[in-house]
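*Asks:* Keeping their order, the protein sequence lines are chains D and X. Here the first sequence stands for residues 1 to 409, where the numbers follow the numbering used here. Here the second sequence stands for residues 1 to 128, where the numbers follow the numbering used here.
One thing to keep in mind: the hints can contain errors.
[What the hints assert, rightly or not] Under the rule of at most 27 Å between Cα atoms (straight-line distance), these lysine-lysine pairs were calculated in the DSS-like manner:
#, chain 1, residue 1, chain 2, residue 2
1, D, Lys40, D, Lys230
2, D, Lys202, X, Lys115
3, X, Lys94, D, Lys242
4, X, Lys117, D, Lys246
5, X, Lys40, D, Lys230
6, X, Lys95, D, Lys254
7, D, Lys48, D, Lys27
8, D, Lys206, X, Lys117
9, D, Lys168, D, Lys246
10, X, Lys115, D, Lys266
11, X, Lys40, D, Lys254
12, X, Lys95, D, Lys270
13, D, Lys217, X, Lys94
14, D, Lys315, X, Lys94
15, D, Lys46, D, Lys99
16, X, Lys94, D, Lys237
17, D, Lys99, D, Lys121
18, X, Lys115, D, Lys230
[As the list claims (entries may be wrong)] One-sided excerpt, in silico: chain D residues whose CB lies under 8 Å from chain X:
#, residue
19, His183
20, Thr187
21, Lys230
22, Asp327
FYI, nobody ran anything at the bench for these hints, they're computed from the structure. By construction, the Cβ of each residue, glycine as well, lies at the ideal position given by its N, Cα and C atoms.
The residues making up each chain are set out below.
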Amino acid sequence: MLHIWELVSVLLLLFIVVYIFINVGAKKRDKSDELKKYAKEMSAEKSKDEAIISNIADGIYAINMKKEIILFNKAAENITGWAAKDAIGSPCKSVMNIKNSESASICETNCPVNSVWAKGKNEVLHDMCIINKKKDNLQLEGSYSPIEDSGGKISGAVCVFRDITKRKELERMRSEFVSTASHEMRTPITAMSGYVELALNKQICKVDDKAREYLEKALQTAVSMSNLIKNLLVVTKIEDRKLDIKVENFSLEKLIGEVIEVFQRKAIEKNNLLKYETAPNLTIKGKKIGRSLDVRADEEQIREVLYNLVENAGKFTDNGEIKIAIDYDNEFAKVCVTDTGVGIPEGEVNHLFEKFYQVDNSATRKVGGSGLGLYITRSIVESFGGKIWVESKVGTGSNFCFTVPRAVE
Amino acid sequence: MTKILIVEDDIALSEIYQARFIAENFNVSMAVDGEEALAKAVTEKPNLIVLDIMMPKISGFDILDILRETPETKNTKVVILSALSQSSDIERGKKLGADAYLIKSQTTLTDIVEKAKELLAREKTETT
């Protein structure tokens, strides 16, 4: 027969066992519920991400380190004509065989992904071509970015791209129109200037002073019109990235000599001294050099830059001095065109290289201009990796400087 | 008298160049297309040819190429005077043997006359 205390001990033990069982079971249930909730949330998050990627209007594809496609969104399907199920797992080059402007595949030789992986940062391509499934040539612009795993190791790349074929076609039509219209307008303007020049020629015509004054103004207007047309054509080319560029080594000093020769007559007419000055203590890496060094760019385009700067200096300088000087550092030649003209107000200096920007004062109204020259100048300098800037003070003059890469010796 | 052949299909421009060169006492002859230009270059033997590029039938580049291949005209001074202003056009003209390349919209009549006089003076020194 059990004693009362033995019965109490058994009941207590039983209570403890039941208590532990109930508690552990409840905790297990809680954990399982938590996991289920987490999984549900994760799945909802993933579906949300997939929905976002799928519905973005730009094409997106991602590749692994073997350059096999691992993601291909709906827009990528629409643009390329490839179904995601066929594209995923295929080599990137068979689906997105990117070509350069000469229609040569760049997947083998110059694959943008290689440089993205090497540099570890994004790369933007403004003009690339592919052939879609229907064998149409498409023009695309896009960006490539490396994909990093949670440890920061590169595990692939993602490309976001859009079809710009229609935009490019419109740009081509605009460019063709501007080019044709410019050429068509140039001939009558040249004829107009020619007839006025004949009328002004004392060996050919006799005109009174008033008529001469008006004819001179007419000629000046025709020249401005001709320059405007020329500049519009150049701006169109710059913006279409179709500027006629031929990079070669040439002597900057010789070019400056030729530019001075062209502008010498105009400088004398305005009683300006136009001169070239080399840096007095020309040194490279501490070594003194007594000669001019070659630069590497398009000689005709740099001539255009110098024409613009020297012409501008001449427009705003009377009875003064215009000096062209060269200096060098290890990588660049620096050319400065300094004048003792009217100068530019402080607030205007930062806007000078913007398209169609003109300083609004009596001096600019007197000489005219389109506000395109310095925009063109900056675009040309920057296309060769150089920089352009200006320092100026009203009443003292301006100092326009630009850099151009030195030729490797 | 020094003889100049002006090859230009635009009537207005051709009249302007002619008047300006006559004022400088040159003997001026005109051609409005490539065929006429080549025929006059051989028969009239001008000292200098002012040559347009964009013309019907034969372009100025082709005319220059033929002039340089023809014994009678291979040394005749040629100034290209064209609306084409691209570096590639200038280079092409010079490669084909042009003595100077002037761009119509960037050149005054005085510039054209001075260039012609400079080349003719050079021709004189070369022949003496």
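*Asks:* Each of the hints needs a verdict: does it hold here or not?
*Replies:* Going down the list of hints, with the structure as the test:
1. With a C-alpha separation of about 65 Å, the suggested pairing of Lys40 of chain D with Lys230 of chain D is violated against the 27 Å cut-off.
2. Between Lys202 of chain D and Lys115 of chain X the CA atoms are separated by roughly 20 Å; this keeps the pair inside 27 Å, and the hint holds.
3. Of the supplied pair hints, the one linking Lys94 of chain X and Lys242 of chain D holds, its CA atoms being roughly 23 Å apart against a limit of 27 Å.
4. About 31 Å separates the Cα atoms of Lys117 of chain X and Lys246 of chain D, which puts this hinted pair outside 27 Å; it is violated.
5. For the given pair, Lys40 of chain X sits about 34 Å from Lys230 of chain D by alpha-carbon distance, which is inconsistent with the 27 Å threshold.
6. At most 27 Å may separate the alpha-carbon atoms for a hinted pair to count; Lys95 of chain X and Lys254 of chain D meet this at roughly 21 Å.
7. Pair hint Lys48 of chain D plus Lys27 of chain D does not hold up; C-alpha atoms about 31 Å apart against a cutoff of 27 Å.
8. A distance of roughly 25 Å separates the Cα atoms of Lys206 of chain D and Lys117 of chain X; the hinted pair therefore holds under the 27 Å criterion.
9. About 24 Å separates the Cα atoms of Lys168 of chain D and Lys246 of chain D, which keeps this hinted pair within 27 Å; it holds.
10. For the proposed pair Lys115 of chain X and Lys266 of chain D, the alpha carbon gap of about 18 Å is at most 27 Å, so the pair holds.
11. Proximity of Lys40 of chain X to Lys254 of chain D is assessed by CA-CA distance (about 39 Å); at most 27 Å being required, the pair is judged violated.
12. A distance of roughly 38 Å separates the Cα atoms of Lys95 of chain X and Lys270 of chain D; the hinted pair therefore is violated under the 27 Å criterion.
13. Note on Lys217 of chain D and Lys94 of chain X: the hinted pairing is violated, with a Cα-Cα distance of about 35 Å set against a maximum of 27 Å.
14. Only pairs whose Cα atoms come within 27 Å are accepted, and Lys315 of chain D paired with Lys94 of chain X is rejected, the gap being roughly 32 Å.
15. A threshold of 27 Å between alpha carbons decides the hint, and for Lys46 of chain D with Lys99 of chain D the separation of about 34 Å lies outside it, so the pair is violated.
16. For the hint pairing Lys94 of chain X with Lys237 of chain D, the CA-to-CA distance comes to about 24 Å; that is within 27 Å, so the pair holds.
17. For the hint pairing Lys99 of chain D with Lys121 of chain D, the CA-to-CA distance comes to about 22 Å; that is within 27 Å, so the pair holds.
18. Distance hint between Lys115 of chain X and Lys230 of chain D is fulfilled; the C-alpha atoms sit about 23 Å from each other, no more than 27 Å.
19. Checking His183 of chain D against chain X: minimum C-beta separation of about 6 Å stays under 8 Å; hint holds.
20. Given the 8 Å rule on beta carbons, the hint for Thr187 of chain D holds: about 6 Å separates it from the nearest Cβ of chain X.
21. Among the interface hints, the one on Lys230 of chain D holds; its C-beta lies about 6 Å from the nearest C-beta in chain X, closer than the 8 Å criterion.
22. For Asp327 of chain D, the suggested interface contact is broken, since its CB lies about 27 Å from the closest CB of chain X, more than 8 Å.
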